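Undergrad: Please put together the full structure from these sequences, using the hints given.
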Amino acid sequence: MELTLNEKKLLVVLGPMGSADAAALAEKMDTRREAVVQYANLAGERGLVDVEKHVSRRYAPTEEGRAYIGKGLPERQVLESFEETIPMRDLQSHPLAKIGIGWMRKKGWIAIRDGVVQKTGNAAFGPDEAAFARFGESGAIADGEGVADLARRGLVQEEETVTYTVSITPRGRELLAGGLDLQEEAGTLTREQILSGAWKDLPLRRYDVGKLPKRAYPGKTHPYQRLIDEMRRVLLDMGFTEMAGGIVQSSFWNFDALFQPQDHPAREMQDTFFLGERWPLPAGYERVRDMHEHGGETSSTGWGGTWSAAKAEQCVLRTHTTSLSIQHLAEHPKPPVKAFCIGRVYRREAIDPTHLAEFEQLEGIVMDEGVNFRHLLGFLKEFYGKMGFEKVRFRPGYFPYTEPSVEPEVYVDGLGWVELGGAGIFRQEVTAPFGIEHPVLAWGLGISRVAMLRLGLRDLRQLYRSDVEWIRETPTYGGRR
Amino acid sequence: MAIITLPYRYLERLTGTDRQTIIDRVPMIGADIERIEEDHVDVEFFPDRPDLYSPEGVARAMRGFLGIEEGLPVYTVRPSGITFSVDPGLADIRPYLGSAVIRNVDLDEEAIESLMSLQEALHWAVGRGRGKVAIGVHDLDAVTPPFRYIASPRDRSFVPLDFEQEMTLDEILTDHPKGRDYARLVENFPRFPLIVDADDQVLSFPPIINGELTRVTTATKNILLDCTGTDKKAVMTAVNIICTALIEAGATVETVTVDGQEMPTLAPAERVVSVGECASLLGLPLTVQEMARLLARMRFGAEPDGDSRVRVLVPCYRADILHDWDVFEDVAIAYGFENFDAALPATSTVAQEHPIPAIAGAVRSVMTGLGYLEMMPFTLTNERVLYANMQREPSPGTLRLLHPISEEQTVVRTDLLPLLMEMLLSNKHRELPQRLFAVGDVVEACVTSQQVAAVSIHPAADFSEAYAAADVLCRELSLPYTVTESDDPAFLDGRRGDIIVDGRKVGVFGEIHPAVLTAFDLEHPVAALALDLTAVPGYPVPPGTP
Numbered sequence: 001m002e003l004t005l006n007e008k009k010l011l012v013v014l015g016p017m018g019s020a021d022a023a024a025l026a027e028k029m030d031t032r033r034e035a036v037v038q039y040a041n042l043a044g045e046r047g048l049v050d051v052e053k054h055v056s057r058r059y060a061p062t063e064e065g066r067a068y069i070g071k072g073l074p075e076r077q078v079l080e081s082f083e084e085t086i087p088m089r090d091l092q093s094h095p096l097a098k099i100g101i102g103w104m105r106k107k108g109w110i111a112i113r114d115g116v117v118q119k120t121g122n123a124a125f126g127p128d129e130a131a132f133a134r135f136g137e138s139g140a141i142a143d144g145e146g147v148a149d150l151a152r153r154g155l156v157q158e159e160e161t162v163t164y165t166v167s168i169t170p171r172g173r174e175l176l177a178g179g180l181d182l183q184e185e186a187g188t189l190t191r192e193q194i195l196s197g198a199w200k201d202l203p204l205r206r207y208d209v210g211k212l213p214k215r216a217y218p219g220k221t222h223p224y225q226r227l228i229d230e231m232r233r234v235l236l237d238m239g240f241t242e243m244a245g246g247i248v249q250s251s252f253w254n255f256d257a258l259f260q261p262q263d264h265p266a267r268e269m270q271d272t273f274f275l276g277e278r279w280p281l282p283a284g285y286e287r288v289r290d291m292h293e294h295g296g297e298t299s300s301t302g303w304g305g306t307w308s309a310a311k312a313e314q315c316v317l318r319t320h321t322t323s324l325s326i327q328h329l330a331e332h333p334k335p336p337v338k339a340f341c342i343g344r345v346y347r348r349e350a351i352d353p354t355h356l357a358e359f360e361q362l363e364g365i366v367m368d369e370g371v372n373f374r375h376l377l378g379f380l381k382e383f384y385g386k387m388g389f390e391k392v393r394f395r396p397g398y399f400p401y402t403e404p405s406v407e408p409e410v411y412v413d414g415l416g417w418v419e420l421g422g423a424g425i426f427r428q429e430v431t432a433p434f435g436i437e438h439p440v441l442a443w444g445l446g447i448s449r450v451a452m453l454r455l456g457l458r459d460l461r462q463l464y465r466s467d468v469e470w471i472r473e474t475p476t477y478g479g480r481r
Numbered sequence: 001m002a003i004i005t006l007p008y009r010y011l012e013r014l015t016g017t018d019r020q021t022i023i024d025r026v027p028m029i030g031a032d033i034e035r036i037e038e039d040h041v042d043v044e045f046f047p048d049r050p051d052l053y054s055p056e057g058v059a060r061a062m063r064g065f066l067g068i069e070e071g072l073p074v075y076t077v078r079p080s081g082i083t084f085s086v087d088p089g090l091a092d093i094r095p096y097l098g099s100a101v102i103r104n105v106d107l108d109e110e111a112i113e114s115l116m117s118l119q120e121a122l123h124w125a126v127g128r129g130r131g132k133v134a135i136g137v138h139d140l141d142a143v144t145p146p147f148r149y150i151a152s153p154r155d156r157s158f159v160p161l162d163f164e165q166e167m168t169l170d171e172i173l174t175d176h177p178k179g180r181d182y183a184r185l186v187e188n189f190p191r192f193p194l195i196v197d198a199d200d201q202v203l204s205f206p207p208i209i210n211g212e213l214t215r216v217t218t219a220t221k222n223i224l225l226d227c228t229g230t231d232k233k234a235v236m237t238a239v240n241i242i243c244t245a246l247i248e249a250g251a252t253v254e255t256v257t258v259d260g261q262e263m264p265t266l267a268p269a270e271r272v273v274s275v276g277e278c279a280s281l282l283g284l285p286l287t288v289q290e291m292a293r294l295l296a297r298m299r300f301g302a303e304p305d306g307d308s309r310v311r312v313l314v315p316c317y318r319a320d321i322l323h324d325w326d327v328f329e330d331v332a333i334a335y336g337f338e339n340f341d342a343a344l345p346a347t348s349t350v351a352q353e354h355p356i357p358a359i360a361g362a363v364r365s366v367m368t369g370l371g372y373l374e375m376m377p378f379t380l381t382n383e384r385v386l387y388a389n390m391q392r393e394p395s396p397g398t399l400r401l402l403h404p405i406s407e408e409q410t411v412v413r414t415d416l417l418p419l420l421m422e423m424l425l426s427n428k429h430r431e432l433p434q435r436l437f438a439v440g441d442v443v444e445a446c447v448t449s450q451q452v453a454a455v456s457i458h459p460a461a462d463f464s465e466a467y468a469a470a471d472v473l474c475r476e477l478s479l480p481y482t483v484t485e486s487d488d489p490a491f492l493d494g495r496r497g498d499i500i501v502d503g504r505k506v507g508v509f510g511e512i513h514p515a516v517l518t519a520f521d522l523e524h525p526v527a528a529l530a531l532d533l534t535a536v537p538g539y540p541v542p543p544g545t546p
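As they're listed, the protein sequences go chains A and B.
Numbering-wise (the numbering used here), the first sequence opens with residue 1 and increments by one.
Numbering-wise (the numbering used here), the second sequence opens with residue 1 and increments by one.
Derived by calculation from the structure, the hints in this document are not laboratory data.
These numbers were taken from a predicted model, which means no experiment stands behind them.
Note that CB positions come from ideal geometry on N, CA and C, so glycine has one too.
Each hint should be verified, as a subset may be incorrect.
Stretches of chain B that chain A covers, calculated by requiring three or more beta carbons in the stretch to come under 8 Å of a beta carbon on chain A [what the hints assert, rightly or not]:
#1 19-30
#2 36-48
#3 328-336
#4 345-354
#5 360-368
#6 378-388
#7 434-440
Just the calculated beta-carbon pair ranges, DEER-fashion [claimed, not checked]:
#8 A:GLU369 <-> B:ASP307: 20 to 26 Å
#9 A:ASP413 <-> B:ARG400: 32 to 38 Å
#10 B:LYS428 <-> A:GLY370: 56 to 62 Å
#11 B:ASP39 <-> A:TRP417: 24 to 30 Å
TA: This is how it looks when you write it as structure tokens:
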């Protein structure tokens with residue numbers, strides 16, 4: 001048990017007195033009464049002193065009340081200003097007439113007849129006056145008969161007075177008798193004390209670990225960004241090369257190069273954000289045109305009809321990051337290619353808690369000699385497993401640019417099987433025009449869905465219009481939900 | 001997406017198995033179960049399989065998948081002797097016509113409902129909203145062959161479905177609900193498509209509305225089908241899907257001669273595919289026999305063609321088989337996705353991160369070190385937030401959405417700072433100080449680049465704080481910079497600086513102008529900065545373009 005210096009000082013002062021009021025102790029110790037109470041409470045917890053709190057209710061005069069002290073209540077002053085009778089008109093010139101006359105009548109001291117005020121002779125000194133008279137002795141009076149009447153008239157107001165009596169206990173005396181070291185405590189350790197070695201004998205003030213510190217908020221990355229970084233890390237760990245590219249894409253790269261027919265519903269303005277801008281077609285676009293019109297050199301029939309170059313030049317906000325994947329493959333047609341991308345994509349959707357017009361998509365592609373459908377499932381299992389989804393299953397799916405196509409589902413406690421993303425092998429109609437000769441395994445997922453599952457969000461908008469409080473309170477390393 | 005209602009009793013009768021087996025297994029041919037109800041199940045099928053948009057089509061596929069009836073369904077047709085002529089004047093309007101006669105139909109209210117919903121689903125998936133294909137079914141016994149498909153004057157009149165008086169074709173486009181819905185498909189042509197019989201009675205005004213005369217009811221015994229459109233293949237797909245579904249339901253189909261061509265044949269298409277190619281795509285050790293057996297389960301005709309190929313007969317209703325790999329996917333489905341042994345390939349590659357996310361990562365590390373919280377605002381915003389509130393002139397490279405969905409989101413952001421100001425407003429009730437930053441894409445004139453912006457709001461936020469943060473950021477990103485006085489109206493005069501690198505302005509910092517604070521409804525000073533990350537050494541050239 002290590003006492004603070006202040007507790008020791010308190011015991012030293014209190015010892016000879018045995019018991020004292022905190023205010024008196026404060027005077028002796030040359031400090032504030034609140035400080036003494038704090039030291040006494042600390043010492044009290046150690047059983048060295050007893051602290052007794054007294055609450056007393058007293059009444060102090062109000063501003064009006066103070067004006068009457070020593071002179072008596074207004075009705076008494078007015079009553080004594082005349083003999084047995086006085087004309088009302090004359091009495092009204094008394095400065096306290098307004099208040100006094102009313103109270104004299106109320107108390108039955110006077111009667112008024114034909115404009116003349118007459119004493120009734122019955123004007124005994126009331127309990128209210130007796131109570132009020134006690135102000136002559138002190139600044140405040142205790143509760144008692146008549147005080148309530150004064151309070152009602154607004155002449156006095158209640159005041160709560162708290163006093164503390166501190167008494168030394170036998171244990172305290174024992175400690176005091178053993179002698180106390182009254183050397184000053186230090187608050188901070190100084191450079192000089194460290195250099196000189198003075199710290200060795202320095203009584204450093206002890207701090208109370210039970211008291212919470214002031215709350216500090218660190219700068220930090222967004223919880224959603226941390227999830228994105230985690231996914232990036234998984235894919236980099238798996239040996240994937242990262243892709244990045246523009247938000248604005250020509251319809252050629254967003255749709256045509258992916259064998260999406262020009263009359264596909266996704267290419268209508270209801271689903272996709274179109275821009276007025278156009279972008280020239282790349283060299284060799286004719287091979288894509290031929291693929292659409294008749295299947296090029298492959299076993300495909302193509303979509304038939306006439307392919308429009310003008311339609312392909314229209315710019316859109318990318319509807320998927322697959323537009324970057326196909327450009328990456330066009331630039332790197334030789335195996336092996338393993339690449340991924342995390343980026344924002346756009347759908348023309350009205351915003352509500354589960355739908356946004358923009359969200360992040362993750363996409364991975366693997367192209368190599370001999371890769372096949374089983375490998376696609378293998379990558380999906382591995383990736384989802386690393387993201388914390390241990391159980392994964394697969395169903396047939398449909399995407400315009402993959403064949404076969406897969407809908408992966410992951411098992412989430414409390415939700416059951418949840419569809420998460422899509423996958424497939426790029427159609428030959430997609431790869432052949434760019435001279436890609438080996439299968440391309442591809443998968444993608446909207447990662448805001450994962451964020452909802454992992455961060456426990458009910459409203460996707462929270463990711464993009466974030467509450468500062470939410471970011472401050474979301475732990476940097478939260479483990480997994 | 002097409003959601004198809006499958007009544008259990010009818011489906012059980014057609015499939016020959018119980019409802020639970022169907023509900024359990026139907027997702028594995030490629031479907032999402034939407035709702036399981038007392039007497040039916042609603043299932044969503046993919047847009048490439050319009051042949052599954054009817055209970056008959058689903059039963060046909062499920063009988064194969066469950067091994068109840070395998071191989072190619074064989075449909076026979078007899079000639080009806082009925083002829084149809086197509087007016088050459090339709091060549092530029094709506095040139096293609098497919099037709100058939102369907103006899104001995106037995107339609108109760110539920111069956112009519114089912115036929116109508118198949119028609120609607122086909123209009124959506126194959127017809128692209130009736131533009132590419134529109135379908136009409138008629139009570140054959142109400143009219144007299146031969147029929148003519150003509151380009152009619154627009155003032156011709158008839159009684160359209162659900163109406164009692166005659167209307168001209170022009171009136172239908174303005175006054176009939178279907179006319180208003182689909183007017184855009186024909187309104188620019190001088191003449192309109194019309195189908196009439198030998199007595200010049202109107203059957204249909206495709207692709208808008210049928211006549212009341214040939215309404216199909218529970219009393220209808222024989223149906224005349226018309227499919228008109230702008231794509232011959234799609235027209236015949238619709239004919240084939242409807243005819244085969246009605247045959248599955250117990251009807252018989254007869255051909256119609258359209259300009260000398262007898263249709264439909266309902267004959268399969270032949271495709272000879274390589275077993276080796278399929279095996280290597282799927283990663284399965286397949287024999288010719290195994291592959292043929294799996295395809296038979298998917299209702300293909302399939303027989304070995306030598307020891308390395310399979311001759312495949314593709315049913316006439318399968319519109320999705322464009323390429324051999326489409327056949328291979330059906331092999332995979334028949335094999336069962338759940339039976340594949342997932343494996344990782346031997347492919348060896350070395351990871352490489354892209355420089356842009358790497359730079360963004362460095363920015364995050366610097367800004368969080370300075371005590372800033374990251375925000376990830378939307379990239380879509382509006383010109384009020386981006387320019388008017390900031391007292392700035394709109395950038396000439398601003399991209400405007402042609403068809404925005406709300407007034408809040410009409411343009412792509414060209415700057416991040418205004419979006420952070422908006423964030424300060426939405427967090428006005430939260431404890432100060434607030435220091436926020438964002439790093440991300442901005443787009444100008446179709447070119448995507450990256451920016452970082454930061455704001456600090458509290459009673460003592462000032463120029464020095466902004467300058468110190470800008471200085472730290474530039475030093476940490478190895479940007480040798482100088483500063484000149486700025487004239488950016490979003491900032492206070494005398495308390496704003498431009499960041500200059502290689503003679504180019506790449507950023508700005510300072511104290512936000514009080515009028516801008518007021519525009520964002522903020523009550524404390526804001527110290528802010530923005531920096532173009534294309535100036536950072538190692539930033540790839542060119543940045544993201546379409």
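Undergrad: Check each numbered hint against the structure and report the violated ones by number, ascending.
TA: Failing hint: just 9.
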